[in-house]
Amino acid sequence: EPEVTQTPSHQVTQMGQEVILHCVPISNHLYFYWYRQILGQKVEFLVSFYNNEISEKSEIFDDQFSVERPDGSNFTLKIRSTKLEDSAMYFCATTGQSSGANVLTFGAGSRLTVL
Amino acid sequence: AQSVTQLGSHVSVSEGALVLLRCNYSSSVPPYLFWYVQYPNQGLQLLLKYTSAATLVKGINGFEAEFKKSETSFHLTKPSAHMSDAAEYFCAVSDRGGSYIPTFGRGTSLIVHP
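The listed protein sequences correspond, in order, to chains A and B. Going by my numbering, the first residue of the first sequence is number 79, and it counts up by one from there. Going by my numbering, the first residue of the second sequence is number 5, and it counts up by one from there.
Treat the hints as calculated values from the structure; they're not laboratory data. Remember, predicted model here, so these are calculated numbers, not experimental data. The reader is advised that the hints may include incorrect statements.
[As the list claims (entries may be wrong)] In the DSS-like style, the derived pairs of lysine-lysine whose C-alpha atoms are separated by at most 30 angstroms in a straight line are:
#  : chain 1 : residue 1 : chain 2 : residue 2
1  : B       : K72       : A       : K156
2  : B       : K53       : B       : K73
3  : A       : K120      : A       : K156
4  : B       : K62       : A       : K156
5  : A       : K156      : A       : K135
6  : A       : K120      : B       : K73
7  : A       : K135      : A       : K120
8  : A       : K161      : A       : K135
9  : B       : K53       : B       : K72
10 : B       : K73       : A       : K156
11 : B       : K62       : B       : K73
12 : B       : K53       : A       : K135
13 : B       : K72       : B       : K62
14 : A       : K161      : A       : K120
Please model the complete structure; the sequences and the hints are all you need to start from.
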């Protein structure tokens with residue numbers, strides 16, 4: 079069964095460092111998302127991406143965050159200068175169509191710990 | 005704006021007992037509703053979804069959920085818990101118009117005791 083692959087599974091970094099989280103979407107999916115979950119809190123939407131540009135973003139997705147699809151397969155989330163409060167599980171999700179009834183396929187997540 | 009509330013961050017049941025995980029939603033338009041499950045070290049995967057056909061929706065692994073508009077609820081149930089049901093369960097809502105971005109709850113951890 080096709081799956082979404084995320085790397086690394088766990089990253090520990092120092093505050094102020096740049097972090098890049100990687101996601102390999104399902105090959106025929108066109109819509110990509112990043113969500114995050116701070117421990118004990120809701121799974122929060124960060125950004126959606128379609129046709130090589132951001133289609134929606136939340137208030138959380140400020141100038142410290144960026145996404146890109148550099149090589150047509152890999153979909154990355156970059157945090158330029160990490161803060162302690164960026165510590166969370168980051169989930170990549172993809173889907174083939176844009177519809178409220180669509181089911182997202184999620185990766186296993188990347189746990190980011192900022193010290 | 006849409007939102008989801010999952011009551012109880014942890015639910016503990018004995019093997020063979022009824023599982024009930026609660027989800028209440030808020031949406032300005034009739035919603036789509038989902039339950040996802042996350043097993044350890046895996047991504048979230050769909051259990052079931054409500055899209056306006058039958059209000060009682062059956063999913064995988066014996067789970068089902070009932071859409072109750074009057075109560076704005078979409079609780080997840082299973083008659084008899086198995087040890088393998090131990091996982092994190094997430095309720096999600098998305099609108100039929102406007103943004104299709106699903107909004108998730110905080111998740112409920114289901115613990116199954118032998």
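Consistency of the hints with the structure:
Distance hint between K72(B) and K156(A) is unfulfilled; the C-alpha atoms sit about 41 angstroms from each other, more than 30 angstroms. For the hint pairing K53(B) with K73(B), the CA-to-CA distance comes to about 15 angstroms; that is within 30 angstroms, so the pair holds. A threshold of 30 angstroms between alpha carbons decides the hint, and for K120(A) with K156(A) the separation of about 21 angstroms falls inside it, so the pair holds. A hinted pair counts as satisfied when its Cα atoms are at most 30 angstroms apart, and K62(B) with K156(A) does not qualify at roughly 39 angstroms.
Restraint check for K156(A) and K135(A): the C-alpha separation of about 14 angstroms stays at or below 30 angstroms, so the hint holds. Of the supplied pair hints, the one linking K120(A) and K73(B) holds, its CA atoms being roughly 23 angstroms apart against a limit of 30 angstroms. Straight-line distance between C-alpha atoms of K135(A) and K120(A) comes to about 17 angstroms, which keeps the hinted pair within the 30 angstroms bound. Only pairs whose Cα atoms come within 30 angstroms are accepted, and K161(A) paired with K135(A) is accepted, the gap being roughly 19 angstroms.
About 14 angstroms separates the Cα atoms of K53(B) and K72(B), which keeps this hinted pair within 30 angstroms; it holds. Simply put, K73(B) and K156(A) have alpha-carbon atoms about 40 angstroms apart, too far for the 30 angstroms limit, and the pair is violated. Pair hint K62(B) plus K73(B) holds up; C-alpha atoms about 17 angstroms apart against a cutoff of 30 angstroms. For the hint linking K53(B) to K135(A), the alpha-carbon distance of about 24 angstroms falls within 30 angstroms, and the restraint holds.
At roughly 15 angstroms between alpha-carbon atoms, K72(B) and K62(B) fall within 30 angstroms of each other, so this suggested pair holds. With a C-alpha separation of about 19 angstroms, the suggested pair K161(A) and K120(A) falls inside the 30 angstroms cut-off, and the hint holds.
Consistency note: the structure conflicts with the earlier hints numbered 1, 4, 10.
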